[in-house]
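Trainee: Listed here are the chains, written in short residue letters.
Number of protein chains: 2
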Amino acid sequence: MSKKLTKRSEDYSKWYNELVVRADLAENSAVRGCMVIKPYGYAIWEKMQAELDKMFKATGHQNAYFPLFVPKSLFEAEEKNAEGFAKECAVVTHYRLQNDPDNKGKLRVDPEARLEEELVVRPTSEAIIWNTYRGWIQSYRDLPILINQWANVVRWEMRTRLFLRTAEFLWQEGHTAHATEAEAIAETEQMNKVYADFVENFMAIPVIKGVKTESERFAGAIDTHCIEALMQDGKALQAGTSHFLGQNFAKAFDVKFTNKEGKQDHVWATSWGVSTRLMGALIMTHSDDQGLVLPPNLAPNQVVIVPIYKNDEQLAEITNAVNTIKSSLESNGISVKFDNRDTLRPGAKFAQHELQGVPLRIAIGPKDLENGTVELARRDTLTKENVSIEGIENTISNLLETIQNDLYNKALRFRENHITEVNSFEEFKTVLETKTGFISAHWDGTAETEHKIKELTKATIRCVPYDSKIEDGLCVYSGKPSKQRVLFAKAY
Amino acid sequence: MSKKLTKRSEDYSKWYNELVVRADLAENSAVRGCMVIKPYGYAIWEKMQAELDKMFKATGHQNAYFPLFVPKSLFEAEEKNAEGFAKECAVVTHYRLQNDPDNKGKLRVDPEARLEEELVVRPTSEAIIWNTYRGWIQSYRDLPILINQWANVVRWEMRTRLFLRTAEFLWQEGHTAHATEAEAIAETEQMNKVYADFVENFMAIPVIKGVKTESERFAGAIDTHCIEALMQDGKALQAGTSHFLGQNFAKAFDVKFTNKEGKQDHVWATSWGVSTRLMGALIMTHSDDQGLVLPPNLAPNQVVIVPIYKNDEQLAEITNAVNTIKSSLESNGISVKFDNRDTLRPGAKFAQHELQGVPLRIAIGPKDLENGTVELARRDTLTKENVSIEGIENTISNLLETIQNDLYNKALRFRENHITEVNSFEEFKTVLETKTGFISAHWDGTAETEHKIKELTKATIRCVPYDSKIEDGLCVYSGKPSKQRVLFAKAY
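Going line by line, the protein sequences match chains Y and V. For the first sequence, this note's numbering gives the first residue as 36, with consecutive numbering after it. For the second sequence, this note's numbering gives the first residue as 36, with consecutive numbering after it.
The following block holds chain Y by itself, in its conformation from the complex:
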């Protein structure tokens, strides 16, 4: 606990890796690319889940659960989707182990227990779900189907990083079925807005809503909407995606319905998801060289109280006062932890809570009791002040709201300062290397140019923002005519 974190300015990537482990959020496991999400990290994820789940239900969705495995023949049915994920599929080929005759006490795969058809561990569930929907849909009366699933998925990534890119990750995936194209498009847009609302209001991370280019689209989608956030190192992070799938999956899985006019038509689809990757975004947006900084809306403990005492008598008096404060805060909906461990000194506790990003810390000693005050420290600004115990529930309630807003506004200012309009490729490269962040530039609309720019600079088109104005210009790379600017950035 005593060793300081690497500074962001020294090595941002190392800072991130250290922070995740030392703040007890997650760690690498014995399984290549798979992480262990530790209780403190999982508690934050649970708060995210709870809020998202509420938002999904408020927009009419229900949860369900579909199998982990996808038979290969279903997996390959929607060709683009299959092609997009084939190279990163974990595949189950056998269903039994047996004693290894050559190695006492060891097991081996039983060669006689080979599956007739291999099973893909789901990298995403469109295939298994649309194969199921075929049995659920006959008429327009069966539509829409608005389902979400909380699940684990596996994508065999070669280079992994805790939360940001792991072979197994947790996510939710919405899969909806509609009678009309317009309704499916509206759903796609609605869910992208739900994601934006959640990320902005709960995670305090400003995002840009937009649409992906063809080459950045989800495999099998007609259009991918997304929200893009900017990390402190000037790299973008795709925080959520919502896909309009057209009739691609309905056609691949033969899902038809009788419409109101009595005619058969293929069903229209959407899918949308966010994952434990959001934890990475949360960490990288707000945290500092002292450790994690959590927005109050997602902090497992919004307030921690540390007693400062020399003997049991003092501790007893402090405990009395703390119990009153604690229950008054809790009855105001504030989560409070009284850290009365006798195995650590106050200084060590302060350091731990700072590292773990608890928004507010109260320290309380005998002098404070006499004065009717406590010392209140803000994690985000690292400032302290003495505040009166009387009315402390209002003080803290207001302060938590202030912190939530301040974090958002700070991240917003950073983001606004890191969107740069450029009009030449030289400028493009310079901004990308020196200032970093989003680059707003004209692009000729071709995959060729997009690919060339990526090859030369590692920057990709993050999105065509919803609010991008129609404006005549020349492509920053090819010089060909362009109708609007798009956002480029290097990205996680």
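Treat the hints with caution; some may be incorrect.
Since copy identity is lost for identical chains, a pair holds within one copy or between any two.
As a list, the in silico DSSO-like pairs of lysine-lysine whose alpha-carbon atoms are at most 30 Å apart [said to hold, decoys possible]:
{"no.": "1", "residue 1": "Lys295", "residue 2": "Lys38"}
{"no.": "2", "residue 1": "Lys286", "residue 2": "Lys141"}
{"no.": "3", "residue 1": "Lys361", "residue 2": "Lys89"}
{"no.": "4", "residue 1": "Lys89", "residue 2": "Lys372"}
{"no.": "5", "residue 1": "Lys291", "residue 2": "Lys141"}
{"no.": "6", "residue 1": "Lys228", "residue 2": "Lys82"}
{"no.": "7", "residue 1": "Lys487", "residue 2": "Lys419"}
Just so you know, the hints here were simulated from the structure itself, not pulled from any lab data.
Dock chain V against the given chain Y, drawing on the hints supplied.
Mentor: Frame of chain Y; chain V shown alone:
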């Protein structure tokens, strides 16, 4: 919807399978032995999860998440555990698919993407978790570790049935680490009691708490505590288990700690779990020939309101009254669905809600409005009465409590009537074949006798009940001396 369910008395097993599918709880999927949990079934599971999660947290546990995969070398480390699960393991051997050169548009496993070490899809997580705990525990100060995980697990079962036995199922698994044997045993017992409380108070299913015999123990455990329930067909169902693992896993994974005396010792362990199998217990305990019967504490909708009308004007008036009733019920914490679909007649709605086990149904028509009453129907007794709209929130609140208690008491009476003391093997066989249920009999304590009885009758020892008196007797099969009765039954 119109076809009647098979009657329980005709074919209990068929009745169950039909009910699960027709009440929209779950269905079989394209993956052998894996089910799709449909939104209505999942909503019940979510209510179970929410309540259990609250109880786990109230007893000091935190959630976390560990990898889906277990490398074979870790899986085999605890030999008994490995031996117990080896025969039902799904094994990942490859991490990539490629285009099949012999089959255009098809994929095949890329032979070059074979994993160096095979990965077992977790059938249970002791191995991966204890391998992780090694890094978390040095001193007694790091103990206890009280962690729970909500996850999917896979056990390649040959004969599967929706909810009761599926290749993939959802569950929670607690994994705790302790400094002393006594503390670990206390935890094992505590969690078995938590399960009993949950199943009795929320699921309205009476259970017998007890300890498993050696041959029925969890693979790798020193002792397995369990709760056993009785289904309407007289078969027992193991509803939850809590294992005292001793130091077995700590030894297999070399997890040691320095105790207060400064000495190194292996850590003591427990694990405990309940699964979506509980859904099967819920269905089979309370439901009837008309369909599902849900205890109010777990019903996604406790009350459904069906309007009876002939024209839009009537519907508008009814809707007005319903809105008032609905918000008054909701403000009393009662979940209500207003079923105003215009695609179904009232009769069809009644049948659907009956099939889906909604505890209370309100029907309301123009006559009712005049009289200031509604028709209130109980699902469990299928009785109806007219009740006054005024004060309906109290009427319904009390009635929901009554239904919850009645369901429990009904199941308890059935269970009490189906525990039969027998003192000879002839009697044993007769009761098992005619009366069914639990048989309380003396047993000589040997695995040999236990095995023989199972072979001859298919009955297993469900548990040695906590409250089994010490009483001299003779084993019902071998005639050898016995100190207490144990409970036998045929079981799911």
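Trainee: Compare the structure with the hints numbered earlier in the document and write down the numbers of the violated ones, lowest to highest.
Mentor: 7
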